[in-house]
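These are the residues of each chain, in order.
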Amino acid sequence: MTATTHTAKTPSAGRAGRPKRSDAAKRENRTGWAFMAPFGILFALVFILPIIWAIYSSFFRQVTVGGGAYGGGELVNKFVGLQNFRYVVTSPAFWAGTGRVLLYTLIQVPVMIISALVLAMLLDSFIVRHVTGFRLGYFLPYAIPGVVASIIWVFLYNGQISPIVKALAAIGIQVDFFADNIVIASMANITTWTFTGYNMLIFLAALQAIPHDLYEAARIDGANGLQIAWHIKLPNVRAAALLAMLLSIVGTIQLFNEPQVMAISDPGISKSYTPMMMALNTSQGTLTPGGDGPASAIAIVMALIAGVLAAVYALVERKVNEQ
Amino acid sequence: MSFNKRLVACAAAVAALSMGLAGCGSSANDSSGSSDGVVNITYMHRLPDSEGMTLVNDIVAKWNKEHPDIQVKATKFDGKASDMIKKLETDVKSGEAPDLAQVGYAELPEVFTKGMLQDVTQYAEQYKDHFASGPYSLTQVDGKSYGLPQDTGPLVYFYNKAEFAKLGIDSVPQSADEFIDAAKKAAASGKYIMSYQPDEAGNMISGLAGASGGWYKVKGDAWVVDTETDGSKAVADFYQQLLDAKAATTNPRWDPSFDASIKDGSLIGTVAAAWEAPLFVTSSGGTGSGDWQVAQLGDWFGNAGKTGPDGGSAVAVLKSSKHPKEAMEFLDWFNTQVPDLVSQGLVPAATTEDAETPSEWGEFFGGQDIMKEFKDANNNMGDFTYMPGFSAVVAKMNETAAKATDGSGKVEDIFSDAQTTSVDTLKNLGLSVAK
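Quick mapping for you: the protein sequence lines, in order, are chains X and V. According to the numbering used here, the first sequence is numbered sequentially starting from 121. According to the numbering used here, the second sequence is numbered sequentially starting from 23.
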């Protein structure tokens with residue numbers, strides 16, 4: 121409704137003072153586009169274009185046609201329709217990888233968000249002094265690139281050189297951070313370590329935006345610190361929590377750095393451990409069928425799954441909010 | 023404020039942007055610039071270039087000084103071979119690839135099939151006598167040449183002689199049973215005379231099994247694949263017994279724990295490729311220096327001690343090169359710079375000059391002429407033909423090999439998985455497989 125009335129208004133306004141205003145409007149338009157251009161051009165070049173290219177190439181497969189044992193020394197792009205997508209959807213390795221990242225998301229994201237929230241609440245309360253130092257300290261891991269963080273942790277997990285493993289062994293606990301069922305938790309730990317501080321900062325910003333009058337009013341009503349946290353702070357960071365959850369879900373679905381780096385120490389982490397790893401290794405030909413076609417198909421199917429998940433999460437969140 | 027002014031500003035902004043973008047593209051190949059008679063050749067390698075070695079750039083500088091009309095620029099690719107191939111694959115398509123690139127023998131057929139190589143048979147013939155015939159044939163596909171061989175990777179046995187003596191093992195055991203007994207004895211006192219390296223299984227174990235006979239043969243125009251040969255069974259049996267007895271280390275080769283096992287003196291013997299010699303020197307951090315030795319493989323796999331290939335590279339001429347003749351001229355010169363290549367830890371494929379053990383290695387290997395051992399191993403190496411798409415087989419073998427370390431799989435599974443992956447890969451490439 122509002123949309124139709126709005127568009128109905130604009131042309132009539134334009135008709136009234138056409139000669140003058142349309143010139144100004146045009147110039148304004150041009151200025152607007154000029155300011156948009158640096159972003160627009162780059163966005164199109166590095167985002168839109170590659171996506172279109174990926175969709176296009178997902179309908180092709182790289183095969184030999186030259187005959188002979190070596191195929192004549194030329195790969196050609198053969199149009200295969202939906203064959204790549206059929207391969208992805210029916211590939212047990214793909215679904216195993218998808219299951220792995222979903223499980224990972226299901227456990228890691230809540231743990232990380234809750235710890236971030238608790239940390240933010242603590243820093244926002246009156247218990248902690250030297251907030252700046254703590255804030256910086258918690259945020260610091262995020263400043264370390266994901267691959268570097270993974271490498272550091274690989275050393276800390278390594279049975280033969282890790283001080284953690286040695287210390288645990290000294291008190292009688294034998295751990296193998298690369299054991300089959302534990303390795304995924306080891307990865308989740310790296311992600312949590314990296315991103316908790318980042319999410320905490322989002323929460324802290326939301327908390328500090330809450331008007332202090334509310335606290336005073338609550339105190340006059342006789343509320344204690346915990347009650348303030350529960351009844352005032354928590355409801356007020358809901359929007360921030362939704363954002364953080366959404367970003368985290370989208371991020372963990374694309375799990376790549378941690379398993380890729382940890383595979384050096386644990387060759388049992390397969391080339392298709394997560395869908396993103398599967399896409400890369402497919403494009404490199406270390407998985408078969410290889411090539412950009414099947415790899416693009418994997419990436420597209422995964423993007424669809426992530427999109428659906430994010431949409432479902434947003435819908436559920438809205439329903440919960442309405443109640 | 024004219025419209026023109028704004029247009030100019032806008033154009034300048036766009037130009038600045040596209041300059042930034044162009045910066046990423048045109049790095050490798052400027053070889054078209056031959057207007058003044060100078061041919062520019064680019065060469066991409068993955069040689070170690072570590073401290074104490076004759077750097078590739080220094081070798082190339084010698085050439086450039088003597089050949090003002092053929093100027094070569096070498097770049098080192100820091101990364102895995104699979105990453106480099108992917109990069110070259112896209113670069114060849116866009117015409118930005120270097121003229122010459124290092125390509126492993128195991129990957130050469132794959133790279134050929136991907137359409138990245140240029141037929142240089144007419145130039146290669148005249149250099150044929152400069153190289154050993156085995157490696158030379160590995161630079162060929164279907165009888166045509168695509169480059170020249172650089173080094174070979176025969177598998178040999180590295181061991182710490184003093185530690186062996188302490189354990190009462192007088193010499194490297196020559197039969198499988200003797201070896202396994204000795205390994206058990208060593209393990210009882212916390213020492214290991216063999217490493218099982220899951221992340222190198224695809225390269226090393228295929229080499230050990232291949233020593234007894236190849237896996238891939240071409241019959242007519244179709245591939246005959248048999249990865250479950252008697253040689254494979256012997257290798258599986260040998261390592262399975264060692265793993266069951268916990269008499270071999272299971273640290274992945276490229277994990278820090280492998281180096282740690284040499285440093286702390288627990289790993290005192292292992293099969294390794296010849297090019298790993300300088301890596302042992304650095305990995306050990308000096309542990310056992312002077313006591314390490316190189317020996318030929320014993321008769322452990324029922325093939326009278328024959329050895330197989332693990333690594334070794336050719337330098338190939340890429341399809342987009344505009345100056346294959348000059349590139350090959352440089353390549354023949356570069357690949358015959360024997361002492362310089364030896365300093366990089368290579369066992370050169372060139373026969374023009376006798377490779378001598380670098381003096382820096384003398385101390386660590388107790389003055390042994392290990393280059394002679396490598397050459398002997400080279401002469402005792404079985405032929406192994408690699409199939410296109412072999413890297414997918416390697417990846418699968420490594421993954422399966424890891425399962426054998428914790429008992430969730432068997433070593434023999436490596437070979438059955440290699441069989442199915444080989445056949446799948448060939449079929450997916452559109453190549454025919456004989457039943």
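It is worth saying that the hints were derived from the structure and are not from the lab. One thing to keep in mind: the hints can contain errors.
[As the list claims (entries may be wrong)] Result set (BS3-like, lysine-lysine): computed pairs, CA atoms no more than 25 Å apart in a straight line: (1) V:Lys344 <-> V:Lys95; (2) V:Lys207 <-> X:Lys198; (3) V:Lys394 <-> V:Lys150; (4) V:Lys241 <-> V:Lys102; (5) V:Lys115 <-> X:Lys198; (6) V:Lys344 <-> V:Lys166; (7) V:Lys255 <-> V:Lys425; (8) V:Lys255 <-> X:Lys286; (9) V:Lys115 <-> V:Lys432; (10) V:Lys239 <-> V:Lys394; (11) V:Lys188 <-> V:Lys206; (12) X:Lys198 <-> V:Lys394; (13) V:Lys102 <-> X:Lys198; (14) V:Lys239 <-> V:Lys166; (15) V:Lys255 <-> V:Lys239; (16) X:Lys286 <-> V:Lys268; (17) V:Lys425 <-> V:Lys241; (18) V:Lys268 <-> V:Lys207.
[As the list claims (entries may be wrong)] Computed Cβ-Cβ distance ranges for the label pairs, DEER-style: (19) X:Ile264 <-> V:Gly101: 17 to 27 Å; (20) V:Thr442 <-> X:Ala434: 36 to 46 Å; (21) V:Asp105 <-> X:Ala338: 55 to 65 Å.
Where a beta carbon is used, it is the ideal one built from N, C-alpha and C, also for glycine.
Sort out whether V:Lys95 lies within 25 Å of V:Lys344, counting only the CA atoms.
-> 15 Å, holds
Take a quick look at whether V:Lys115 and X:Lys198 sit within 25 Å of each other, Cα to Cα.
-> 16 Å, holds
Does the structure keep V:Lys188 and V:Lys206 at a Cα separation of 25 Å or less?
-> 15 Å, holds
Decide if the proposed pair is consistent with the structure: V:Lys239 and V:Lys166, CA atoms, cutoff 25 Å inclusive.
-> 17 Å, holds
Within a Cα-Cα threshold of 25 Å, do X:Lys198 and V:Lys394 meet the stated pairing?
-> Outside the cut-off at roughly 50 Å; violated.
Can the restraint linking V:Lys207 and X:Lys198 be considered satisfied, given a maximum Cα separation of 25 Å?
-> 58 Å, violated
Would the pair X:Lys286 and V:Lys268 pass a check requiring their Cα atoms to be no farther apart than 25 Å?
-> Satisfied, since the Cα-Cα distance of roughly 21 Å is no more than 25 Å.
Are V:Lys241 and V:Lys102 close enough, with their CA atoms no more than 25 Å apart?
-> 33 Å, violated
Hint check for X:Ala434 and V:Thr442 - Cβ pair distance inside 36 to 46 Å = 43 Å, holds
Is the straight-line distance between the alpha-carbon of V:Lys255 and that of V:Lys425 25 Å or less?
-> 17 Å, holds
Has the given pair, V:Lys102 with X:Lys198, been kept, meaning a C-alpha gap of at most 25 Å?
-> 29 Å, violated
Could one say that the CB atoms of X:Ile264 and V:Gly101 fall in the range 17 to 27 Å?
-> Once the Cβ atoms are compared, 21 Å apart, the range 17 to 27 Å for V:Gly101 and X:Ile264 holds.
When the structure is compared with the earlier hints, violations turn up for hints 2, 4, 8, 9, 10, 12, 13 and 17 and for no others.
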